[in-house]
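Participant: Whole structure, please, built from the sequences with the hints as guidance.
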Amino acid sequence: MPQLGKLALAIALILAVYSIVANIYGTRRNAPDFVVSARHAIWAMCAMVTIAVVVLWISLLHSDFSLEYVAAYSSTTLPTVYKFTSLWGGQQGSLLFWTWLLSIFTSIAAFQNRRRNPEIAPYALAVLAGVAIFFLLMLNFVTRPFDLLATVPAEGSDLNPLLQNYWMAIHPPSLYTGYVSATVPFAFGAAALITGKLDDGWIRSTRRWAIFSWFFLTLGNMFGARWAYEVLGWGGYWAWDPVENAAFMPWLVMTAYLHSVMIQERKDMLKVWNLSLIGLAFGLTLFGTFITRSGVISSVHSFTQSGLGPYFLSFLITVTLAYTALLIFRSKQLRSPAEFESYLSREAAFLFNNLMLVGIAFAVFWGTIFPVLSEAVRGVKITVGPPFFNRVNGPLALGLVFLMGIGPLIAWRRTTTSNLVRSFAAPVAIGVATGIVAALGGIRQWYVLTAFSLAAFVIGTVLVEFRRGMNARRHMVSEPRAKALVNLVAKNNRRYGGYIIHIGTIVAFVGIVGSSFFRTEVKKSVHAGESFTIGSYTLRFQGLEQTDTPHLESATALVEVLRPDGREITVMSPAKLFFKRPQQPATKVAIRSTPFSDLYVVLAGIDDSGQTATFEVFLTPLVFWLWAGGLMMVLGTVVVMWPNVRERAAIATALSRQSTDARELADAAPGGD
Amino acid sequence: MRAKLTLASSLVFFVVALFAFFSPELSNVSRETFAAENPTNSQVSEGLTCQCGCGLTVANCNMPTCGFSVPMRREIDRMIGEGKTRAQIIAFYRQQYGEKVLSAPTTEGFNLLAWTMPFIALVLGGGAMVLAVGRWHSHQPSAPSDSNPATPPATFDPELRRKLEKELEERR
Chain A
1 MPQLGKLALA IALILAVYSI VANIYGTRRN APDFVVSARH AIWAMCAMVT
51 IAVVVLWISL LHSDFSLEYV AAYSSTTLPT VYKFTSLWGG QQGSLLFWTW
101 LLSIFTSIAA FQNRRRNPEI APYALAVLAG VAIFFLLMLN FVTRPFDLLA
151 TVPAEGSDLN PLLQNYWMAI HPPSLYTGYV SATVPFAFGA AALITGKLDD
201 GWIRSTRRWA IFSWFFLTLG NMFGARWAYE VLGWGGYWAW DPVENAAFMP
251 WLVMTAYLHS VMIQERKDML KVWNLSLIGL AFGLTLFGTF ITRSGVISSV
301 HSFTQSGLGP YFLSFLITVT LAYTALLIFR SKQLRSPAEF ESYLSREAAF
351 LFNNLMLVGI AFAVFWGTIF PVLSEAVRGV KITVGPPFFN RVNGPLALGL
401 VFLMGIGPLI AWRRTTTSNL VRSFAAPVAI GVATGIVAAL GGIRQWYVLT
451 AFSLAAFVIG TVLVEFRRGM NARRHMVSEP RAKALVNLVA KNNRRYGGYI
501 IHIGTIVAFV GIVGSSFFRT EVKKSVHAGE SFTIGSYTLR FQGLEQTDTP
551 HLESATALVE VLRPDGREIT VMSPAKLFFK RPQQPATKVA IRSTPFSDLY
601 VVLAGIDDSG QTATFEVFLT PLVFWLWAGG LMMVLGTVVV MWPNVRERAA
651 IATALSRQST DARELADAAP GGD
Chain B
674 MRAKLTLASS LVFFVVALFA FFSPELSNVS RETFAAENPT NSQVSEGLTC
724 QCGCGLTVAN CNMPTCGFSV PMRREIDRMI GEGKTRAQII AFYRQQYGEK
774 VLSAPTTEGF NLLAWTMPFI ALVLGGGAMV LAVGRWHSHQ PSAPSDSNPA
824 TPPATFDPEL RRKLEKELEE RR
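These protein sequence lines are chains A and B, in that order.
Quick note: the first sequence uses our numbering, first residue 1, plus one each step.
Quick note: the second sequence uses our numbering, first residue 674, plus one each step.
Be careful, since some hints might not be right.
[Stated by the list, open to error] The calculated lysine-lysine pairs, modelled on DSS-like cross-linking and capped at a C-alpha distance of 27 Å, are: (1) K332/A - K267/A; (2) K773/B - K524/A; (3) K332/A - K773/B; (4) K773/B - K757/B; (5) K197/A - K332/A; (6) K523/A - K588/A; (7) K588/A - K524/A; (8) K267/A - K491/A; (9) K773/B - K381/A.
[Said to hold, decoys possible] Output of the computed footprint for chain A on chain B, the stretches with three or more beta carbons under 8 Å from beta carbons of chain A: (10) 715-726; (11) 762-776.
Derived from the structure by calculation, the hints contain no laboratory data.
Because the structure is a prediction, the values reported are computed rather than measured.
Here a beta-carbon is modelled for each residue, glycine too, at the ideal position from N, C-alpha and C.
Facilitator: Below is the structure:
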């Protein structure tokens, strides 16, 4: 069986190389059969990688410890779901999973473009296959998932206990999907540079891919934060770990890209900037992989050091240099007749929004690599942790939120002062009122007051936009309010879906600010029957329950939560887990979440008699709204991506125009290539 | 005018209601934060990085058997009891473990670059953007002085046609 996996990966590598040769030869020699053959090779490559994945999955499910990978990341007692997720629990398996996603996305892109984008699609597919070749080379020659052990152990070493959590089935696949799918718009951007077809065709063709990637990066970051919140037991959800940063940076850059492409689509400007942003987003996904697998920067997420670092760094440098060279080579063609009339315009707001997003991405990047710089320059190891990132990004986040409020309400080209006053009067009033009410409510921190005021201002601008659109519809087609609202969103899904995403972002921002500034913490050791208080809650320790399974032992504390009047609200069950292989303790947190605050109970210790337990309890306000905001962002993205007949017609027109242009060009050309 | 007032007043009502909902909880917790048990321990241990490999601060490392953060938090408690300040305790650990134990770079020497570079980059980026915008502003296409507006162009500019088509599609 493992031999089949090995063989499949070797054939996949050959097919990927062939697809590049056939695509480029077929396009340059005007031999469509080769282009078709290249497409088939891509699909066959995907089939081969799928076979390798299935082989590894079967080996994991059957606990085939003759495979080094299975022996290292699974065991006979590991629950089936985690045997399944072990595919991406270790170095080789996760690279295979990455390659599998890439081959699937490349196959989908090949299918989508079988009759469109005849000039750039073959080159884009060649770039995608080029990236696949790098990963397949790693899997075939450097970090092989199908290596066999000389002596087969009776039992495997098991999956890291921290990864034995249901989020393991959700978070890595989401994040990987976001990372890998960013390769598609990057490949089309690179193909546009290679072919010189530099209009917005490549953006229109890959818009859904870019949103898809952004969507999964959002999910990946949110799920990662939730996983950390539920598992790590420190009451927080974001620790600015280098690998968290590596997932956050591409999200920031993709967000900037999704805004700035609107300017190119609308005004044919910012071609260099958009190509740079998509190149940067892809580069950052590689950077994230490099960080996780190189051991250059220490992180709780790192895989065991494998010597992959230099390969990833070389690939990252090669891609960056090649892409930059292409940008320079095409710089004259990328110049466009830019029109910019006023700073009081939507394009100006988008430019500043891009500045802030890329500025935050740079601050995160800088903080992430600064320990390496410090060691290289001074020979001194330092740590750049949460205090740095919070202090640097805090003010930038306020600027970004302010711009989120400005953008939607000002017009393209220019806005008159009277329009500005009319549009912003209500949102500014809401923002100011919010600040005053918050101050009267007892909030004194300037950052929180500013953040809440700005958040209310942004929500105000979005509400005004919805109201304006709804009234326009009611006026034009005499619809009742609710129907007008639904039709408004349905017929302008990109725009209003975007506003829903804005609301979600702001709601999440409020959750982040509230939970960061107002957390209360109590640590208590109590005997069974004793109680202690936090906020308005009284917690009574009832006793411990012990369980023992072949896989783990656990001690669960039963904690009764009471209101001030003594009525029971619920019984919470934080636990300590002791995994048997590898022998490692872990914490199971108990969380009671309400829109006001989360009660977060950690069983920090138990004495030998089992009668005294130490609890660490956090009361964190508004953290609920972080997850609620994430859900709204998901909903907004679904609205944005919902198939829109008008948009399809626009793409079809753009594509038919491209084909016409291509035909005219071919007719005008004196000969073939 | 009346409609505007209704809108503004309903929005203000919405905000007030929202904060009537949130603020008692926030202000309650806000006061609690300062009354929390051992707040100084958290303040000190937030400034120190755990060296067990978890990547978290000493305050946040929750490994039950951590050989670094668990004894360090106890030691911090003891030093607070002895009346030492946050700065003194952090200086003590810095001397013992080196700069890597601090959870953020210091604000001296080379480390100043860590703090200032993001803002320098932002200012440079903003400056570059303003310059670019200024150039676009000054290079705006204007009608040539010798052109005759009464004479229509012989052929419709394909670029203009493309833009027009795009705008029409978007409005359709």
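Participant: Give a verdict on every hint.
Facilitator: Verification of the hints:
For a cut-off of 27 Å, the pair hint linking K332/A to K267/A stands: about 18 Å separates their Cα positions. Pair hint K773/B plus K524/A does not hold up; C-alpha atoms about 31 Å apart against a cutoff of 27 Å. In summary, the hint linking K332/A to K773/B is not supported, as the alpha carbons are separated by about 48 Å, beyond the 27 Å threshold. A C-alpha spacing of about 22 Å is found between K773/B and K757/B, which places the hinted pair at or below 27 Å, so the restraint holds.
For the hint pairing K197/A with K332/A, the CA-to-CA distance comes to about 13 Å; that is within 27 Å, so the pair holds. A distance of roughly 17 Å separates the Cα atoms of K523/A and K588/A; the hinted pair therefore holds under the 27 Å criterion. Proximity of K588/A to K524/A is assessed by CA-CA distance (about 18 Å); at most 27 Å being required, the pair is judged to hold. Simply put, K267/A and K491/A have alpha-carbon atoms about 22 Å apart, close enough for the 27 Å limit, and the pair holds.
The suggested pairing of K773/B with K381/A holds, with an alpha-carbon distance near 5 Å, which does not exceed 27 Å. Taking a C-beta to C-beta cut-off of 8 Å, the region 715-726 of chain B contributes 5 residues in contact with chain A, enough for the three needed, and the coverage statement holds. With 6 residues having a beta carbon nearer than 8 Å to a beta carbon of chain A, the region 762-776 of chain B meets the requirement of three or more and the stated coverage holds.
The earlier numbered hints that this structure contradicts are 2 and 3.
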